[in-house]
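Take a look at the letters that make up each chain.
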Amino acid sequence: MNVELKDIHKTFGAVRANVGINLAIPAGTIQGILGENGAGKSTLMKILSGFIRADRGEIILDGHPVVIRSPADAIRHGVGMLHQDPLDIPPLRVIDNFILGREGGLLPGEKEAGRDFERLAEQFSFSLDREAYVDSLTVGERQQLEILRLIWLGARVLIFDEPTTGISAAQKEKLFAALRLLAEQGKTVLFVSHKLEDVEGLCHRVAVLRQGVLVGEAKPPYTTKQLVEMMFGKTISIGDRNPCGSSDVTLRLQKLAVEDYRLKVQDVTLDVHCGEVIGLAGMEGSGQALFLRATAGLIRAVGGRIELGGHDLTGRNYQIFKKHGVAFLPASRLEEGLIPGLNLTEHFILAEEPEGFFINWEKGRKLAQRRITDFNVRGTPANTVESLSGGNQQRALLALLREPLHLLLLEHPTRGLDIESTIYIWSKLKERCQQGTSILFMSSDLEEILQYSDRVLVFFSGRVTPSLEAATLTTEKLGELIGGSGWTELASGKNA
Amino acid sequence: MKKNTWVNLGFQVGALILALLITTLILVAVGAPPLKTYASIVSGAFGSKDDVLEVLITWSPLLLTTAGVLVTFAAGLWNIGVEGQMVLGSIFTTWVLRLLQNSQVPPALIIVLGILGGVIGGALWAALAGALKTFGGVNEIFGGLGLNFVATALTIYLVFGPWKRPGVASMSGTQPFPESLWLPTLPKTELSLWALGISVLVIVIVYFLLRGTHLGLRLKAVGKNPKAAFLMGIPTWQYSMFAFLLCGAFVGLSGAIQVVSVYHRLLPNISNGYGFLGLLVAMLINYQALWAAPIAFIFAALNIGGVQLQIIYKLSSSFAGAFQDLLVLMVLIGEGARQRFLGKG
Numbered sequence: 001m002n003v004e005l006k007d008i009h010k011t012f013g014a015v016r017a018n019v020g021i022n023l024a025i026p027a028g029t030i031q032g033i034l035g036e037n038g039a040g041k042s043t044l045m046k047i048l049s050g051f052i053r054a055d056r057g058e059i060i061l062d063g064h065p066v067v068i069r070s071p072a073d074a075i076r077h078g079v080g081m082l083h084q085d086p087l088d089i090p091p092l093r094v095i096d097n098f099i100l101g102r103e104g105g106l107l108p109g110e111k112e113a114g115r116d117f118e119r120l121a122e123q124f125s126f127s128l129d130r131e132a133y134v135d136s137l138t139v140g141e142r143q144q145l146e147i148l149r150l151i152w153l154g155a156r157v158l159i160f161d162e163p164t165t166g167i168s169a170a171q172k173e174k175l176f177a178a179l180r181l182l183a184e185q186g187k188t189v190l191f192v193s194h195k196l197e198d199v200e201g202l203c204h205r206v207a208v209l210r211q212g213v214l215v216g217e218a219k220p221p222y223t224t225k226q227l228v229e230m231m232f233g234k235t236i237s238i239g240d241r242n243p244c245g246s247s248d249v250t251l252r253l254q255k256l257a258v259e260d261y262r263l264k265v266q267d268v269t270l271d272v273h274c275g276e277v278i279g280l281a282g283m284e285g286s287g288q289a290l291f292l293r294a295t296a297g298l299i300r301a302v303g304g305r306i307e308l309g310g311h312d313l314t315g316r317n318y319q320i321f322k323k324h325g326v327a328f329l330p331a332s333r334l335e336e337g338l339i340p341g342l343n344l345t346e347h348f349i350l351a352e353e354p355e356g357f358f359i360n361w362e363k364g365r366k367l368a369q370r371r372i373t374d375f376n377v378r379g380t381p382a383n384t385v386e387s388l389s390g391g392n393q394q395r396a397l398l399a400l401l402r403e404p405l406h407l408l409l410l411e412h413p414t415r416g417l418d419i420e421s422t423i424y425i426w427s428k429l430k431e432r433c434q435q436g437t438s439i440l441f442m443s444s445d446l447e448e449i450l451q452y453s454d455r456v457l458v459f460f461s462g463r464v465t466p467s468l469e470a471a472t473l474t475t476e477k478l479g480e481l482i483g484g485s486g487w488t489e490l491a492s493g494k495n496a
Numbered sequence: 001m002k003k004n005t006w007v008n009l010g011f012q013v014g015a016l017i018l019a020l021l022i023t024t025l026i027l028v029a030v031g032a033p034p035l036k037t038y039a040s041i042v043s044g045a046f047g048s049k050d051d052v053l054e055v056l057i058t059w060s061p062l063l064l065t066t067a068g069v070l071v072t073f074a075a076g077l078w079n080i081g082v083e084g085q086m087v088l089g090s091i092f093t094t095w096v097l098r099l100l101q102n103s104q105v106p107p108a109l110i111i112v113l114g115i116l117g118g119v120i121g122g123a124l125w126a127a128l129a130g131a132l133k134t135f136g137g138v139n140e141i142f143g144g145l146g147l148n149f150v151a152t153a154l155t156i157y158l159v160f161g162p163w164k165r166p167g168v169a170s171m172s173g174t175q176p177f178p179e180s181l182w183l184p185t186l187p188k189t190e191l192s193l194w195a196l197g198i199s200v201l202v203i204v205i206v207y208f209l210l211r212g213t214h215l216g217l218r219l220k221a222v223g224k225n226p227k228a229a230f231l232m233g234i235p236t237w238q239y240s241m242f243a244f245l246l247c248g249a250f251v252g253l254s255g256a257i258q259v260v261s262v263y264h265r266l267l268p269n270i271s272n273g274y275g276f277l278g279l280l281v282a283m284l285i286n287y288q289a290l291w292a293a294p295i296a297f298i299f300a301a302l303n304i305g306g307v308q309l310q311i312i313y314k315l316s317s318s319f320a321g322a323f324q325d326l327l328v329l330m331v332l333i334g335e336g337a338r339q340r341f342l343g344k345g
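In order, the protein sequences belong to chains A and B.
The numbering of the first sequence is the working numbering, which starts it at 1 and goes up by one.
The numbering of the second sequence is the working numbering, which starts it at 1 and goes up by one.
Just so you know, these hints were derived from the structure itself, not from any lab.
All C-beta atoms in this analysis are idealised placements derived from N, C-alpha and C, irrespective of residue type, glycine included.
Hints may be right or wrong, so weigh each one.
Unchecked claim - Some chain B residues close to chain A (C-beta under 8 Å, calculated; not the full set):
(1) G31
(2) P33
(3) K36
(4) A39
(5) V42
(6) H214
(7) A221
(8) K227
(9) A228
(10) A229
(11) L231
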């Protein structure tokens, strides 16, 4: 199906998410939509798929102007969207999810649907068990299910929002093959991403958004430099390791043991020096999150000692840790980090030690404005935090940290952020290190771990390696350890 | 900003019209003349000087319960137990007055101590709901609901048991206190400027507390996202507990005023439903303390204006209540519709 977007406008409060976007995509094309976080990609796609309405503008499908009022309406017009977080219903079976959303009929018609499911799955070489429960599937498999479902419902335009986040390399290959097949069948594929590599390897053409405006289009052969320039309006380079270690010990852990109902982390002994960065690697749920929360005083250790700047804090609570200069930044920004409904000024006032009984709003606003400028947060002091994009929320969280800090603990500091935000966040973190703050962070991005850490701890189902010098590690070596192999050589004393 | 304000106002006016429409249909269905009914509500509330005084007398406890629940709402708590907290305020005040009425303590001091007793009683009852939530994991809605029943049962026990009138116990309550223990009123009326003044003062305090103090902002932070507030270093359960205590104190004060200024005794149903009505007012004003005074006043007027409907049209006197409920419902629906169609903010 030919898709044409004409003069699309959308604003959220003061934020102009889409400004006069014009884009025509012929059938059978894989169209890349590239842009950093908050550039307006998701907004544009949600308009096309009926989740939100444009303030102004026209959507034309195969030459006919259409009005799309809801996602159900969109699928009637042949437009389907796969969201970054799969919108399926985990406690149901694969086949139930497949049937859901089909119009008409009181009885689900499972038999016939089942045949269609098998046929489509075979066509795309997806191996999905139709009787399995969705909870047991990986993100990649849930994506496959969603693709099949949308095609079965008659989607001829498929939108993929950041589909390569959180899936394995093999699944990515499969996904790309499926997307190419879809295009060959004459379907229109919109591929939204901030990953240059994926876009370059897959898309027939690329449109780049920046601050709500379509700034340019490109066709292969792509040059990375050109795409980056369009995305950010300037070229940026990736910063490098910055060892600024000092001999003072910030954090001393002795035979620390932490556990929850399913996992035990034992005998972690570690000295973290002033200004040092320690990366915690491991598959999700291998014990690194538990360990990180224990060093923040959020979980009480079941054994061992925690010393901070010479003070024994074993068994004390988070409030005491915080008083000793520890800060913890959670991965789920809107659930645990920020307070939806309150604006940035209110956040900055909350984060500071209160002076007096009454709030000095003028002072708060000035503080907020200064930090917003310092941390390059795109927003105003009066913006509520939920109106900011993910990258800007993360910058705001960093801007909220008090000074000085002895120890900064971060869960996935750059998850879901684009290159520019990632580099910016790390440049700010490194500034902290220069001032003597030590950092412990967990990440599932191996490159990030190797690039920014001085030393690395690897977690594998509760077991922890001794600290490893990041400079001596490679992604392959790290990948092996995360997967549970190569631990015996480690125990025999190498690299400790 | 300007445009938004007008749109919001439009939705609220729409909700009001819808609520009026539905009540009109109800009136037509039960065979009462709608326009005349509305006119008699207005004249019942503002027809004479006595009526207006009556409205003002009702306004004061309602303002206090509204002020109280605004604090718990800010902290994200559904303090359904507000009704029982008001009753406990009345019980404690009665208790203090009974203890001291035959002593040598000057009457003015007895009244002050009695009111303080009410404040403490309300706060304690609220603290109980808070403790159940914080330490027992009992949702404040269920805890509060249970404690409301206990409070009612306690009142009935006291009125018919230990505190019964000499001679015969009755639903009309305990033996009235001597006039020396009444809050001074305007000459030849039952309106106490003291009660009115205290109530207005409290709502002003709550307004500034929620709008301009660190305490208020922290309460809101705990209410909107306890996890993030905790990580920011705000001791969350202590703040929830504080919200309960403060709300209980204001609501207990309202119960105390019912005793020292309105009924001069303890009787079953002394709270008159003002606790729940306060919850309605708070929801109607979208938790903005600025609007509490006028809306509570209108609700008080509806309550007083509705009383005589029973005599004139044989309508239940709870008809005004039905209108209040419908109004809140329509405004909440209107708010939902506004967010649905126009986006948040």
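Each hint tested on the structure:
1. A distance limit of 8 Å between C-beta atoms decides the matter here; for G31 (chain B) the minimum to chain A is near 43 Å, and the interface restraint is violated.
2. Interface restraint check for P33 (chain B): the shortest CB-CB distance to chain A comes to about 43 Å, outside 8 Å, so the restraint is violated.
3. For K36 (chain B), the suggested interface contact is broken, since its CB lies about 45 Å from the closest CB of chain A, more than 8 Å.
4. With a cut of 8 Å, the hint placing A39 (chain B) at the interface with chain A is violated, because the nearest CB-to-CB distance is about 42 Å.
5. For V42 (chain B), the interface hint is violated, since its Cβ never comes within 8 Å of a Cβ in chain A; the closest pair sits about 38 Å apart.
6. For H214 (chain B), the interface hint holds, since its Cβ comes within 8 Å of a Cβ in chain A; the closest pair sits about 4 Å apart.
7. The beta carbon of A221 (chain B) is positioned within 8 Å of a beta carbon in chain A (closest approach about 5 Å), and the interface hint is therefore held.
8. Using the Cβ-Cβ criterion of 8 Å, the hint placing K227 (chain B) at the interface with chain A is satisfied: the shortest such distance is roughly 5 Å.
9. Checking A228 (chain B) against chain A: minimum C-beta separation of about 5 Å stays under 8 Å; hint holds.
10. Taking 8 Å as the C-beta cut-off, the interface hint given for A229 (chain B) holds, the closest approach to chain A being about 7 Å.
11. Among the interface hints, the one on L231 (chain B) holds; its C-beta lies about 6 Å from the nearest C-beta in chain A, closer than the 8 Å criterion.
The structure fails hints 1, 2, 3, 4 and 5 (numbered hints given earlier, in ascending order).
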